[in-house]
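Heads up: the protein sequence lines correspond to chains A and B, in order.
The numbering of the first sequence is the numbering used here, which starts it at 30 and goes up by one.
The numbering of the second sequence is the numbering used here, which starts it at 30 and goes up by one.
Among the hints, erroneous ones may be present.
If several chains are the same, the list does not tell them apart, and a pair holds so long as it fits within one copy or across any two.
Derived lysine to any residue pairs resembling SDA-like cross-links, with alpha carbons at most 20 Å apart [what the hints assert, rightly or not]:
1. K251 / E418
2. K87 / Q372
3. K141 / I289
4. K141 / D182
5. K87 / E367
6. K87 / A333
7. K252 / R390
By construction, these hints were calculated from the structure, which means they are not laboratory data.
There are 2 protein chains.
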Amino acid sequence: MSPFPHPLPPLPAATLTLGDLRGVRASGVAAGIKASGRPDVALLVADSRLACAGIFTKNAFAAAPVRVCREHLSKSGGHFRAIVVNSGNANACTGAAGEADARRMAALVAEKLGCPVEEVLVFSTGVIGHRLPMEKIEKGINLAFDALAAGPDAGRAFLTAIQTTDAYPKEAGDAIDGVRVAGVCKGAGMIHPDMATMLAFVGTDAPLSPAELAWLAPAVAKKSFNAVHVDSHPSTNDSFFLFSTGNEAVANGGAPSANIAAVQRALVAVSNRLAWLIARDGEGATKVTTVTVRGATSDDAARAIADRVAASGLVRTALFGNDPNWGRFVSQVGNAREVVDAQALVCTLQGVEVFRSGEPRPFDAGSLSKAMAVEDVALDLSLRDGDGEAMLMTSDLSYRYVEVNAEYTT
Amino acid sequence: MSPFPHPLPPLPAATLTLGDLRGVRASGVAAGIKASGRPDVALLVADSRLACAGIFTKNAFAAAPVRVCREHLSKSGGHFRAIVVNSGNANACTGAAGEADARRMAALVAEKLGCPVEEVLVFSTGVIGHRLPMEKIEKGINLAFDALAAGPDAGRAFLTAIQTTDAYPKEAGDAIDGVRVAGVCKGAGMIHPDMATMLAFVGTDAPLSPAELAWLAPAVAKKSFNAVHVDSHPSTNDSFFLFSTGNEAVANGGAPSANIAAVQRALVAVSNRLAWLIARDGEGATKVTTVTVRGATSDDAARAIADRVAASGLVRTALFGNDPNWGRFVSQVGNAREVVDAQALVCTLQGVEVFRSGEPRPFDAGSLSKAMAVEDVALDLSLRDGDGEAMLMTSDLSYRYVEVNAEYTT
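Can you build the whole structure from these sequences, using the hints too?
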């Protein structure tokens, strides 16, 4: 037992799951890749080919499945029939042999479906630097095909099989203004490069073309998965996959009937919830702090400032300790080269203004500390340099983080 | 008592102290600024005005004493008669009133010496956002003048009075190839923005002009104080002050007689030792890891890559846990935009090659873990992009770091 308990938030069930989307079936099975015997192969199959888009890690050591996905999406013009995922092994830093394994994994699924191999997308998450156990993968794929089903249980089976160090399953889904969206993800706020990765799969019944999805994916990620501060340490396998179960006519280039603004709002709402769940599951995290920067010279500048604040161990430990230590927040803004007029900074913590015009503002430290002892903390940093803004969700830095990470592989 | 003991390294005494340099006297006294009653006003006075140079924080909220020092150095053309330091209060984020206090502190010393006020340099370190207790400062300055003396005890009294959260005093000094250099500093590897600051004072008896010192200061800092990774969180008060007790003729522009290369080597050796002591005193640190990047496109690129690796909580906890977890080191190099050919990366830990050509190398994890359980760990990252190189000293991330920082002001 750890001396540092890691209390978990209550988990509301999603109203809508991946398995509830139109024309898709899903499954998750145990193939023995994980030593624990837990489910480790997940499969999602569409009745017909669907439109999709993907965003992948920018890490120079991008894992074999990431490289294969990029190639397949390019060849298929943003279409797919199936997604196959294994957990327990990241197939990263495995050289040419690892890439052949990833291709073989996709090919096994394509053979079953009788579809072009580029219509199968492949994802891996787990330990880095070890070859995939291909016999187990093949066995798992066969089992997963046998288990395919529609409905909530199938969606949750898929979700269970993609998890690694997650403390709880992460799902979100709802019909928002008539737009049905469902998604699952895995990953912890401070991401293990070993048990690598954030993987997120989000689908909507709204009819969208590949081009629309390719435009929506980064816009949605900006307010969700890319707004999770991952300890300046993105993994080799990070992937966000977005798809539409809308009719084939649209997937093949016909005119979409959806209200794109409403679709975007619904996708952002669901994806943001998934990303919050990742930040909340930061190793040892006790809360999620949303850092908002407004009034920077540009959105990129705002993001750089938010990143710098969220990256500081001093900031993160203050958040863990419920310490309204404005000096730590403010001095990190002062360190950001992107700030033009630092004297204009206003720093507001949980709605309480603590710093303005280069000087601290009077506040009651005791009651502000109490206000910080919650699951959601808001840190607002306002500048007067321009219209740029950014939002980041970050986990805090606790004893438990050190414990989880100090003794891992050995 | 903390449940996380913080073992300290043995402390070899410096062969040469600030008080041993020619023509300077020093002192350190208790003026009641610190609630603990420990020494908190330090003074160093030169018999005649000397040549000097300073490097200061780039933080936009640079403290009042930093702004005053910059102005004084500019007005005096790189000359000084006295340094006055208080600990226990950083005089940062104190607005116009704080700047007046810093000027007054310098003026009090200048009056005593009958010298121009710009020949007095003023430094503060401690809590942010509180006005200096000027009565105590004035009392401390009077006491410090009474206590001025030459010799090792005086140098150490100065050192004691500049400390804040330091776990041990930090001094270094020696005659290296005939060049006498002595220095003191304060600060911990992960620097408190509250008990703000790294302050470093290094002097040499070698005759140097202000111009030479202004050239040497950044060159020396690059291999010492600027090579300490400070958790991406430089403080509002960071200062490095370098001076020469060489003859006044030189200080006033005459030709120096020193071998500048030998002087630089000696200054680097002493300053590097001081910087190591800061990294080793990182809050809760159990070791210093020297991250060396070679073969980058430029020195700046190498530094950016080293920074990224040293900034990762996953890297720092692996170092704390003696975990030869190459995936964490390598994937951070993969995240650095400055890397051109990531496949050329060779990663060597404590002399053991663990990664080459995109794949792990076989090694004995148990014996490498043992080799990491020491005070000095070497992490070498070799690229083939160019001739750029950089070195960083970083502390590890332990339970004790969280403990020290999670509950500070409240």
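Going through the hints against the structure:
1. Proximity of K251 and E418 under a CA criterion of 20 Å is satisfied intra-copy only: 12 Å inside one chain copy versus 34 Å between copies.
2. Only between protomers do K87 and Q372 lie at most 20 Å apart by alpha-carbon distance; the minimum there is 15 Å, versus 35 Å within a single protomer.
3. In this assembly of identical chains, K141 and I289 lie within 20 Å of each other by CA distance neither inside one copy nor across copies; the values are 35 Å within and 75 Å between.
4. For the identical chains of this complex, K141 and D182 are neighbours neither inside a copy (23 Å) nor across copies (83 Å), given an alpha-carbon limit of 20 Å.
5. Only between protomers do K87 and E367 lie at most 20 Å apart by alpha-carbon distance; the minimum there is 12 Å, versus 23 Å within a single protomer.
6. Taking the closest pair of Cα atoms, K87 and A333 come within 20 Å of each other both inside a single copy (17 Å) and across two copies (17 Å).
7. For the homomeric pair K252 and R390, neither the shortest alpha-carbon distance inside one copy (31 Å) nor that between copies (39 Å) is at most 20 Å.
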